[in-house]
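Mapped onto this note's numbering, the consecutive letters of the sequence shown carry residue numbers 445 to 638.
Some hints could be false.
Said to hold, decoys possible - Lysine-lysine pairs mimicking BS3-like chemistry, simulated, CA-CA at most 27 Å apart:
no.: 1; residue 1: K630; residue 2: K614
no.: 2; residue 1: K580; residue 2: K592
no.: 3; residue 1: K580; residue 2: K630
no.: 4; residue 1: K533; residue 2: K592
no.: 5; residue 1: K592; residue 2: K630
no.: 6; residue 1: K580; residue 2: K614
no.: 7; residue 1: K560; residue 2: K630
no.: 8; residue 1: K592; residue 2: K614
What the hints assert, rightly or not - Restraint-style ranges between C-beta atoms, simulated for each label pair:
no.: 9; residue 1: L511; residue 2: L532; range: 12 to 22 Å
no.: 10; residue 1: E601; residue 2: A571; range: 18 to 28 Å
no.: 11; residue 1: N530; residue 2: A572; range: 46 to 56 Å
no.: 12; residue 1: L599; residue 2: A452; range: 38 to 48 Å
no.: 13; residue 1: P522; residue 2: A572; range: 50 to 60 Å
no.: 14; residue 1: Y549; residue 2: A623; range: 17 to 27 Å
Simulated from the structure, these hints should not be mistaken for laboratory data.
Note that CB positions come from ideal geometry on N, CA and C, so glycine has one too.
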Amino acid sequence: MEAAESLANLSDADLTARIRGGEQAAYAEFVRRYQDRLRAALSFYYSSQAEVEEHLQEAFVQAYVQLASYDATIPFYPWLKGIALNGLKMELRRLQTARRRSADYLRYVRLAKLEKDPEGTEAEERAAALHRCLEKLPEEEAALIQAKYSECLTLQELAERTQSTTGALKVRLLRLRHALRTCILKQIAQATRA
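Could you put the whole structure together from the sequences, leaning on the hints where they help?
This is the structure:
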């Protein structure tokens with residue numbers, strides 16, 4: 445207990461010197477000293493506590509790995525917060541890239557279908573059937589489909605918007621897609637018979 449109390453009284457520069465000297469317990473003092481403050485900052489950016497804790501831990505790990513680049517003449521917290529915010533920026537870039545790839549692939553699939561239907565009648569029939577089926581959905585379900593496929597929201601973003609879990613949304617979307625597929629096939633079959 446005495447060692448922890450003595451570490452608590454050290455400056456950021458002194459703690460850094462001890463960590464660089466191989467005293468790993470000194471880093472635990474940095475974590476104790478700044479975790480609540482960084483958790484509060486991350487809570488501004490993430491809505492779920494699990495995400496906050498994950499990114500809090502990642503920021504402390506990255507700070508430990510990059511400790512050799514830390515200038516001990518400046519306070520530790522702003523440097524640590526910068527590492528956490530850089531992690532957030534990288535994640536946002538990754539999500540944007542994934543969304544773009546998903547949208548590009550969807551365009552490719554649509555183009556391939558259009559090429560197989562030079563007159564466009566099959567695509568028009570499917571689009572009309574989809575529109576009729578979407579109109580039959582309850583308003584909340586139609587809004588969910590719109591948010592996922594037109595706005596290209598991620599499951600996490602949808603979960604936050606609908607105050608649901610990603611697992612529950614996956615099941616809900618699966619059921620909605622199945623219902624829409626069944627409805628579209630019925631609509632097309634009825635149009636073919638008529």
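Quick rundown of the hints versus the structure:
1. K630 to K614: The given pair, whose Cα atoms are some 24 Å apart, holds under the 27 Å limit.
2. K580 to K592: With a Cα-Cα distance of about 18 Å, the restraint between K580 and K592 holds, given a limit of 27 Å.
3. K580 to K630: holds, 13 Å
4. K533 to K592: Holds, at roughly 23 Å.
5. K592 to K630: holds, 24 Å
6. K580 to K614: holds, 21 Å
7. K560 to K630: holds, 22 Å
8. K592 to K614: Holds, at roughly 11 Å.
9. L511 to L532: 12 to 22 Å: Distance hint for L511, L532 holds at roughly 20 Å.
10. E601 to A571: 18 to 28 Å: This hint holds: roughly 26 Å between Cβ atoms.
11. N530 to A572: 46 to 56 Å: holds, 48 Å
12. L599 to A452: 38 to 48 Å: holds, 42 Å
13. P522 to A572: 50 to 60 Å: holds, 58 Å
14. Y549 to A623: 17 to 27 Å: With a Cβ separation near 24 Å, Y549 and A623 satisfy 17 to 27 Å, so the hint holds.
The structure is consistent with each of the numbered hints, conforming to all of them.
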